[in-house]
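Q: With these hints in hand, go ahead and build the complete structure from the sequences.
Read top to bottom, the protein sequences are chains U and C.
Residues in the first sequence are numbered from 1 upward in steps of one, following the working numbering.
Residues in the second sequence are numbered from 362 upward in steps of one, following the working numbering.
Think of the hints as simulated: they come from the structure by calculation, not from any bench.
By construction, the Cβ of each residue, glycine as well, lies at the ideal position given by its N, Cα and C atoms.
Mixed in with the good hints there might be a few duds.
For each label pair, taking beta carbons as the anchor points, the in silico distance ranges come out as [to be verified]: (1) C/A419 - U/L300: 52 to 58 Å; (2) U/N157 - C/S471: 35 to 41 Å; (3) U/L22 - C/S471: 29 to 35 Å.
Each chain is listed here by its residues.
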Amino acid sequence: MTDRRRWHLPSRGLAAAGVAVLIAVLAVFPLAFTNPTVTNFGVITLIFVAVASAWNIFSGFSGYLSLGHAVFYGTGAYFLVIAAKDWNLDGTTVFWLLPLAGAVAALIAVPLGLVALRVRRHTFVVITIAFFFIAQLSASNLSVTGGSSGALAPIPNFASATYNNPFYYVAMLLAAATVVLSVLVRRSRFGLQLRAIRDDEDRAAGLGVRAMPVKLTALVLSAFITGMAGALWVYFIGQAVPQFVFDPLFDLAVVLMAFFGGLGTIAGPVLGALVLEPTQLYLNLQETNGYTSEILFGALFLLVILFLPRGVLPTAAEYANRDAVRKLALRMSPRRGQAGATDGAGPSAAPAGSEPAGTAR
Amino acid sequence: MTATLRAEGVSKAFGGLQALNGCSLTAEAGHITGLIGPNGSGKTTLFNAITGYERIDAGQVFLDDRRITGASPQRVFALGVGRTFQLTRIFPRLTVLENMLVPARRGRSSRQHRERAMELLAFTGIAGHAGALAGTLSFGQRKLLELAYVLVADPAVVLLDEPAGGVNPSLILQIADRIRELNRAGRTFLIVEHNMEFVMGLCHQVTVLDSGTVVASGPPEAVRINPRVLDAYLGTEAVDD
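A: Quick look at the structure:
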C-alpha cells in the first residue's frame, strides 16, 4: 500500500462507494417516503445542495464571500414566472425554462461582477449586500414582477399523490450536476487559479493569473446554477413574492451551510445543506414562533465560526489523520533527514507524497 | 533564455518620504547582480517598481530594449521577469505541487507543466514535500518553493529579495549553489541581500543604494572598499590611510 493510499481518509474507493450509496438513497427516497411533507423537505433540501455548492464554486474557492447570491436566485425565479406566463407554458415543459433562467441570472452576474470584483474581501461583501437590496427593492416596485404582491407561477397538473416527485428528481439532477461541476472546477487549472487567488491574489496575478476573468467566470458559473435553483424553487412553491424571493436569510443560510460543512471543499456544502436545511424546515414546521430556527441558526453560525472555522469535514479529517501521522512519524523516525527535508525542519505534519491533513474534498 | 534589465532614473515617493531618487541600475544579461544597502535604502521599493507592484513617479524600466515601465505584475511576469519576496508569498492552502502549477504554462501541456514542476522541486530539494500543504513548510523551504515556482515559467531575469534572509547556513549554501547553476545556464539574477558573504561570493556586480540613491556600483571587491559604501553602512566618513 502506498503512502498516498494509506493517508487518504476516506480512501478514494470508500468515498466512491459512499457517493454511490448516497445517490441510491436519494433516488429511492421519494418512493420510500411518500408523505408529501417529507418529499417537500427533500425537494427544498436538494435545491439548497445545489445552491450551497454553486455558492462554494465562487466564494469557497476564491475567498470572495458573496452575500448577494439571492439576486441570482430571485432573478431565476422571476424569469420563470414571467416567461411561463408570457409563453403559456405549464406542466413538465416549464422545467425546460430552468437553463434559460440560469442564463439570465448569469447575464446579470456579468455587470455585477465587473463592478463588485474590483474590490476585495470586506468591501466586496458590502457591495454584494447593496446589490441584494437594489434587487429586492426593484422587484417590489416594478410592474413586470407584480410589485410587492408578487406573481404566480403556473400550477402543474401532476398527480396529487406524487406531486412532489418530478420536482424532487429535477432538484436531484441539478444538485448532482452542480457537485460534479464543483469537482471538475476544483481539479481544473481554473480551480487552481481560483484557490491561488483566495490565498494571495496579488501574488497570483504576479505569476500570470488573470484574476479578474477567473473570478468573473466563477461568479457567472455560480450565478447560472443559482438562477436555475431559484427558478425550480419558485415553480415548486408556486408564487414569487419579493421578500421571499429576495430573502436576506437565504444568503445567510447558504453561507452557514458552506461554513458548517467546510468552505472550499466539495462535500462540505453538500453536508451543510443536507443537515441544516431539513433541520430548519422541521423547526419551522414544529415551532409556532417563526423565528426560532433563525435564532438557533444564528447561534450555530457563531459556534461554527468560533470553534469550527474550517468546517466539520476538514476538522474531522484533521483529527482522523492526526493519529495516523503520529504512527507514521514514529515508524519513520530512524530515517529522518533523508526524505528530502533540506534544512532539518520538515513540514509540520504531512509526510512525503501524502495528501495533507485537513484537505477534505 | 537571458535578458538585460535596466532601471533608469527611477523615483518613487510615499507622501513626504522619497524612497527612490533617480535610481539607475543594470542587471547585465547572464550576470548575477547584487543590490545592497542599509535598511530603508529603497531596495525592495526598487524591486516593486521594476516588477509592477508599485507605480513609479519618474524614470523608466527596460527589459532588453522593451520598455516595461508601469506594466502590471502579470505583464512583467509574462515578459520574462520573475521575482520572490522578502517575506515569502507562497499559497499556504495549496499543496507544494499545486503552488508550482499556478504560474502560466508558457505553451506546455498540462503533463509537461507538471513534469517541469517536479523537476524544479527536485532541483531545489523539496520534491519530497510535493503533496504537503505549502503552509506546513519551514521558512527556508518556503524560500526554495518560491524560487522553484518562479522558475517554472522560465523567466529570463529572476529577482530574489533576500533569498538567504532567515534561512539556516546549510540551506543558504544550497540556495547559492542553485543560483550559480541556473546562472551558468544563462539566467540573469538581481539579488537583494543583507548577508554580505552571500552577496560578495555570488555576485558579478554589486550596486549599493542609500536613501533611494545609487552610491556605488561595480565588482564586489571594488564595492567592498568603496568609501561611500562604508559611509552608508557605518554612518561615518571613511578615513584615508
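Q: Compare the structure with each hint and give your call.
A: Quick rundown of the hints versus the structure:
no.: 1; hint: C/A419 - U/L300: 52 to 58 Å; result: holds, 56 Å
no.: 2; hint: U/N157 - C/S471: 35 to 41 Å; result: violated, 50 Å
no.: 3; hint: U/L22 - C/S471: 29 to 35 Å; result: holds, 30 Å
Of the numbered hints listed earlier, the single one contradicted by the structure is hint 2.
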